[in-house]
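Visitor: Here the protein sequences come in this chain order: A and B. What the first sequence shows, in our numbering, is residues 1 to 264, in sequence order. What the second sequence shows, in our numbering, is residues 1 to 280, in sequence order.
Watch out, some of these pointers could steer you wrong.
[Said to hold, decoys possible] Just a few of them, taken from the derived set where beta-carbon distance is under 8 Å, the chain A residues facing chain B:
#1 Y23
#2 L62
#3 R82
#4 F90
#5 D96
#6 P98
#7 N117
#8 H118
#9 L124
#10 A125
#11 N159
#12 E160
[Unchecked claim] Below are the SDA-like pairs computed for lysine to any residue, each with C-alpha atoms no more than 25 Å apart in a straight line:
#13 B:K35 with B:I128
#14 B:K35 with B:W102
#15 A:K142 with B:M101
#16 A:K189 with A:G74
#17 A:K142 with B:P39
#18 A:K189 with B:K35
#19 B:K35 with A:P139
No lab work stands behind these hints, which were simulated from the structure alone. In this text, a Cβ means the ideal position worked out from N, Cα and C, and glycines have one as well.
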Amino acid sequence: MSPHGTSETATPALEVVDLAKTYGTVTAVDGISFSVARGSTMALLGGNGAGKTTTIAMVLGLVTPTRGTLRGLGFDLLRDRRQANALMNFESPYVDMPMRLTVRENLTVYARLYGLNHVRDRVLAIADDLALTEFLDRPSGKLSAGQKTRVGLAKALINEPELLLLDEPTASLDPDTADWVRSYFEAYKARTGATILLASHNMGEVERLADNVLMMTQGRIVDRGTPSDLLARYGRSNMEDVFLDVARGTGIRAEETFMEGAPS
Amino acid sequence: MSKHMQSLPPIERHNPAFSFSRVSAMVLRYWYLLKGSWPRILELGYWPSMNLVMWGFLQTFLAQTTDVFAMAGGVLVGSVLLWELMFRGQLGFTISFFEEMWSRNFGHLMVSPLRPVEFVAALVGMSIIRTIIGMAPALVIAVWFFGFNLFELGIALVAFFANLVVFGWAIALVVTGIILRNGMGAESLAWAVPFIFVPLCGIYYPVSVMPGWLEAIALCLPPTYVFEGMRSILFDQVIDWQRLVFAAVLNAGFFAGGYIIFMAFLRSAKERGMLLSIGE
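Chain A extracted, bound-state conformation (with noise of 0.2 Å):
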């Protein structure tokens, strides 16, 4: 059994079959397929306007796609999303908390949305996880870039989600706030067994969390592998170098049918 209690199949915690979506003339995303195995973490990895925002959108259920198949955590995500989204959460920079409401204030909401018991001990427990505590009476708004960050990760796991999605996480953050919010994820993932999905431009971040990579490029998957895989292929010795390859078309190419196949 899962920490949450929900039976461990071989089931992958997330399975993308032919995912697209189109704005007009425009591909944000274009069929791609991937799947997520329980317990592990895939990294998004693109530049700017390669569909990785879209895709998770697409995922939580705030973009419907165009076409494809969306199945997480034994749902039908295009079809029955409320069962699943009890089990999911996610964490945003670009997504803000209300700015006005203290940080106790808003993480009471959401424990409450999230359907949790023992309300308010939750919330002192999450706050007290991440170092909140002090803050707890303040609002929102007027925590520094760090604080805020660990306001929406508690936000993010209050639920103790199985499925987690992470956009850029670390962005804007500090090296050693940046660092201190991975080693919280590593330990959460070791606790819960959960999975994570991340969007992420930071190559370090990739490296040290991901067991999994998709590079995406113009809406589609260009290669996919573990980082050593990657680096290997690609003959690198950092994510950086191998990004650089693959976004500028310089590198080793995979073949097209390991690019675009079935989910890994």
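Once you've looked at the hints, dock chain B against the given chain A.
Guide: Below, chain B without anything else, positioned relative to chain A:
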């Protein structure tokens, strides 16, 4: 992991199809915002009170010079109060919705287990709270300054209130739907759209003075029956319940239509990716 976290009992998830707990969580969210901001509370009562004072003195002047106003004291004040009920009911819904747009929090809500119907229920609940807070000073001023007690309309006031605020919510559903689909550039519709109904619903005059075709439109709108009903009580001391029931049936249709339009715009907003750029 902190000791505090370790001592917590396992998470129990309650995720019914409709959850009053989620509705109350959202009402709590808006209440936190309201109670922490005295300018917001002040503004709630400011406009209805100012409006009432202006129309109240006009009523006093007209009563001294015109027979019809002398005959039915309070007809203008009553009209203003009832109009404000509808307008504030609509604004109470839309402003709470705007708070999500202004704070860019809507994305978090839409990926939570909160369902659209629960979100709408919370906005309705908050509209009632905001309307009561906003109207209270105006109701007191009406009694103290102009000798008009809205509660003297008796049991009919309940029917008037229900018909007006439900129609206000129907308008609000359409307006918020348009904003979801088109972004906050359409924000001003929240203040503009209700005023379409000021001339149409015969707020300050009987609909019989309108041209026939306009009167036919007016009779399709539930508030018309409320304002006609109020004048009927003040001038003739008669309550036409049959017409108020008809207005309620019309209102049920308007509210259902508003909800369907809201859901259609929400779907459209998701198709167009508008929820990603909301607030911009």
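Visitor: A separate judgement is required for each hint: does it hold in the structure or not?
Guide: Outcome of the hint check:
1. Y23: 6 Å, holds
2. L62: At about 5 Å, which falls below the 8 Å cut-off, the nearest Cβ of chain B leaves the hint on L62 of chain A intact, so it holds.
3. R82: 6 Å, holds
4. F90: 6 Å, holds
5. D96: Hint holds; D96 of chain A Cβ to chain B Cβ min 4 Å, cut 8 Å.
6. P98: Holds - the Cβ of P98 of chain A comes within 8 Å of chain B, reaching about 4 Å at its closest.
7. N117: 4 Å, holds
8. H118: Constraint on H118 of chain A satisfied, holds at 6 Å.
9. L124: It holds, given that the least Cβ distance between L124 of chain A and chain B is near 6 Å, below 8 Å.
10. A125: For A125 of chain A, the interface hint holds, since the closest Cβ of chain B sits about 4 Å away, which is under 8 Å.
11. N159: 7 Å, holds
12. E160: Where the cut-off is 8 Å and the nearest Cβ of chain B is about 5 Å from E160 of chain A, the hint holds.
13. B:K35 with B:I128: It holds: about 15 Å lies between the C-alpha atoms, which stays within 25 Å.
14. B:K35 with B:W102: 18 Å, holds
15. A:K142 with B:M101: Given pair K142 of chain A, M101 of chain B holds - Cα atoms ~19 Å apart, limit 25 Å.
16. A:K189 with A:G74: 19 Å, holds
17. A:K142 with B:P39: Roughly 19 Å between the alpha carbons, so the hint for K142 of chain A and P39 of chain B holds.
18. A:K189 with B:K35: Violated - the C-alpha atoms of K35 of chain B and K189 of chain A are around 38 Å apart, more than 25 Å.
19. B:K35 with A:P139: 13 Å, holds
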